[in-house]
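Colleague: Each chain, letter by letter, is given below.
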Amino acid sequence: MNAPSSMRSAPAGQHASKGAIRIQNVDKMYYAREGAVQAVSDCSLDIRAGEICMIVGPSGCGKTTLLNAIAGFHDITGGTISLDGELLCGPEKPKAEPGPDRVVVFQNGALFPWKTNLENVAFGPVMQGKMTWAQAREKARGMMADAGLVGVEHNYPGEVSSGMRRRVEIVRALMNDPKVLLLDEPFRALDSLTKSVMHEALLEIYYKNKVTIFFITHDLEEAIFLGHRVAIMTTRPCKPKKILEVDIPHPRNYSVLTSPRFRSLMEETVNAVHEEAVKAFEAGEKEM
Amino acid sequence: MSAVVASAARPRPRPGKSIFRHHVVRAVISIAVFLVLWELGSRLKAPWVGDVPPPTVVMNTWLPLLTDQGYWYSWYQSSRRVLSGFLAAMLIGIPFGLAMATSRFFHDVTFPVFEILRPVPPLAWVPASIIFWPTQELSITFVTFLGAFYTIVINVLGGARSIDVRYFQAAQSMGSSSWDIFRRIILPGTLPSIVVGSAVGMGITWEVVVAAEMISGGGSQAAGTGGGLGFFIWNSYVGGSYEQIVVGMISIGVAGYFSSELLRWLGKYVTPWLRVR
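Which chain is which? The protein sequence lines are W and C, in order.
So for the first sequence, my numbering puts the first residue at 1; every next one is plus one.
So for the second sequence, my numbering puts the first residue at 1; every next one is plus one.
Among the clues, some could well be false.
[Said to hold, decoys possible] EDC-like, lysine to aspartate or glutamate: derived pairs with alpha carbons at most 16 Å apart:
(1) W:Lys241 x W:Asp42
(2) W:Lys130 x C:Asp180
(3) W:Lys208 x W:Glu159
(4) W:Lys115 x C:Asp180
(5) W:Lys210 x W:Asp101
(6) W:Lys130 x W:Asp101
[As the list claims (entries may be wrong)] Computed footprint of chain W on chain C, listed as stretches where at least three residues anywhere in the stretch have a Cβ under 8 Å from a Cβ of chain W:
(7) 88 to 102
(8) 160 to 167
(9) 172 to 180
(10) 186 to 193
If you are wondering where the hints come from, they were derived from the structure by calculation, not from laboratory data.
Owing to the predicted nature of the structure, the values given are computational and were not obtained by experimental measurement.
Just so you know, even glycine gets a beta-carbon here, dropped at the ideal spot from N, CA and C.
This is chain W alone, in the form it adopts within the complex (with noise of 0.2 Å):
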């Protein structure tokens, strides 16, 4: 499953021309029981165009909060999000208005359960009046076989394993033609094995697409695999605490676990991740 290595290794940003993300000084308050939470503060972040930047943090720590201002789905207090130079959100305008240049791939997956994976993957374009069901369907036949989803175009995503489940999803967002792919810990749910075949074959659709990715995620290995920088998140209120270059070279595959710039990547990033994470356990947050 080695990417083939005639695929050439482009440096994030400099071959796609769109979906840089511009966060800045971007402020999230909200009201809980327990009073006023600032979830995040002044966050700054710049997410270039096409590169894979992973978003490591603390559980609760804001990160999802981030991704949620970013496709629309929540407002912001203060701070301004831009895509490609155009204003999301910002003071006069709080919430972005959700739409298909930023596709989310959510958790724990939202496959409409009673949508076959075909009628899933076409759903998008029908919905923006570009293409009629047959058209979409034709199409999204295509990007299933290129990512390797053959023969269960007319299951329903309850039939088939998570792992496939998860893919057929991104090949769902990846049918809007998005700038941005947000994906919030989508491969959290699965096993070590099934994951290391997902990273993989992410890369591998990552490869083909070059769209720009804001993967949120937990696991810091996950992080220095699959991404071109990993920005570690202080715990709440959630802003940049180090953000990493990763310098191995892409394509990657799994070797490169083993290789010893991944192992000095990762003890110098560790001490990070965890130091939050204390932080965030005696704070006593939880999940949100």
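Given the coordinates of chain W, work out where chain C should sit on it, guided by the hints.
Modeller: Frame of chain W; chain C shown alone:
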């Protein structure tokens, strides 16, 4: 990768499926044992069941009734009332529940009244509905309707509200309009609850129709023939035929069973994605 896909694509064929599957055999045995115990209990004058006519005697009363038009007319009458009350409850209850689930305003305006009326048992409506409705037929159907209506509305409302918010978010970010979200997310997402609500509601309509027929005298001009199964039982009681009372009771059981079975079948048909679990 292709090997993985191929094996997951087609479920393995099931081992030889015969008509005499375990659950069918068990069902037959269970009914047979029940009948034998009943027969024995009745013949041996056991306490509690001693006064109930034994199944063999009930059968002797039942067999001639099978060719009796009046008996089948009772079936027809009750079924018609159940069906019309039930369909009315679906036609009004499903949109009503969906409207409550999707519109905060509609919910706030209608829910208090709904919740005050809901605990009123359908049978408590019988006298009032006889006064309100021009014919007894309509009043029985109305009471039947009430039996299913509340259950369907509550299930639709609960079902629509429990749809995972991620489905809405996913649909939204893929550019769905409000109408698309209603049609492609809320409606199919509520369907399993509609099926459950209907099955429960159908059970209640049978309970209600029989009682309503007894109380209202069957809404019939010619007593004993046009009154439905509830009146059939009542009439048998008045006439002192214990065997016919039991025949009437079993008939209702059978009718209710087949209605539920039909609904279950329809339910599976409209929610094919749930079959895979």
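Colleague: Against this structure, judge whether each hint is valid.
Modeller: Consistency of the hints with the structure:
no. : hint                : in the structure
1   : W:Lys241 x W:Asp42  : holds (12 Å)
2   : W:Lys130 x C:Asp180 : holds (15 Å)
3   : W:Lys208 x W:Glu159 : violated (27 Å)
4   : W:Lys115 x C:Asp180 : holds (14 Å)
5   : W:Lys210 x W:Asp101 : holds (14 Å)
6   : W:Lys130 x W:Asp101 : holds (14 Å)
7   : 88 to 102           : violated (count 0)
8   : 160 to 167          : holds (count 3)
9   : 172 to 180          : holds (count 7)
10  : 186 to 193          : holds (count 3)
Checked against the numbered hints listed earlier, the structure breaks hints 3, 7; every other hint is satisfied.
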